[in-house]
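A.B. asks: If you read the protein sequences in the order shown, they are chains A and B. Last residue of the first sequence: 782 in the working numbering, with the numbers rising by one and none dropped. Last residue of the second sequence: 522 in the working numbering, with the numbers rising by one and none dropped.
Hints are computed from structural coordinates only; laboratory data are not their basis. Incorrect hints may have been included.
Dumping the calculated DSBU-like pairs for lysine-lysine here, alpha-carbon to alpha-carbon at most 30 Å [stated by the list, open to error]:
1) A/K737 with B/K509
2) A/K681 with A/K724
3) B/K509 with A/K738
4) B/K509 with B/K477
Here the structure is a predicted model, which means the values were calculated and not measured.
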Amino acid sequence: DGGITQSPKYLFRKEGQNVTLSCEQNLNHDAMYWYRQDPGQGLRLIYYSQIVNDFQKGDIAEGYSVSREKKESFPLTVTSAQKNPTAFYLCASSTGGGPLWDTQYFGPGTRLTVL
Amino acid sequence: AQSVAQPEDQVNVAEGNPLTVKCTYSVSGNPYLFWYVQYPNRGLQFLLKYITGDNLVKGSYGFEAEFNKSQTSFHLKKPSALVSDSALYFCAVRANTGGFKTIFGAGTRLFVKA
Chain A
668 DGGITQSPKY LFRKEGQNVT LSCEQNLNHD AMYWYRQDPG QGLRLIYYSQ IVNDFQKGDI
728 AEGYSVSREK KESFPLTVTS AQKNPTAFYL CASSTGGGPL WDTQYFGPGT RLTVL
Chain B
409 AQSVAQPEDQ VNVAEGNPLT VKCTYSVSGN PYLFWYVQYP NRGLQFLLKY ITGDNLVKGS
469 YGFEAEFNKS QTSFHLKKPS ALVSDSALYF CAVRANTGGF KTIFGAGTRL FVKA
């Protein structure tokens, strides 16, 4: 089956720790995105990547980092500089054949909790 | 400023009745408009989109949406609601903010009562 996978489903972080959230897609999509979801606030864009070895900051990139070494993978690291990381994190991808920011396909999400 | 508004935090409807989830937008240029649905602890699923053409767009699970340019609205509708339609619904617009990006509304929670 084609789709987007995210792991782990639940993640617990201690103060001062960096943690990495995995996102893998086998849809052959060029573009990938990371969003943060907080209750009542909709989705906020953290980072996006249009192509391998290139990525751009979104609206709330501070305290986060990403890499895009392979087309299929777009991991997100939540660093200790992110002061309020408890949230639901969603990864998405879209085809580069059409316009960027066309229909996005989402993974199941990772719920991060700071202990 | 370019934005998407979902004026209702929650919509309640009885099973079998028609449902409407409202969305208005403010963007420059011609908008790409989307509806997504999210079930508890899951990612978003694409329902439908409007790019150009017929103002009535049909999507998954019997949902449809009507694009109204004069009212800058893109309301989601379904003729007969099911209990299984209960979920969180997001309207989104592709906007030109000096580079394109997708702007999501805050979401509307739909409750369908049996």
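A.B. asks: Now tell me, hint by hint, if it's right for this structure.
C.D. replies: Consistency of the hints with the structure:
no., hint, result
1, A/K737 with B/K509, "23 Å, holds"
2, A/K681 with A/K724, "25 Å, holds"
3, B/K509 with A/K738, "20 Å, holds"
4, B/K509 with B/K477, "20 Å, holds"
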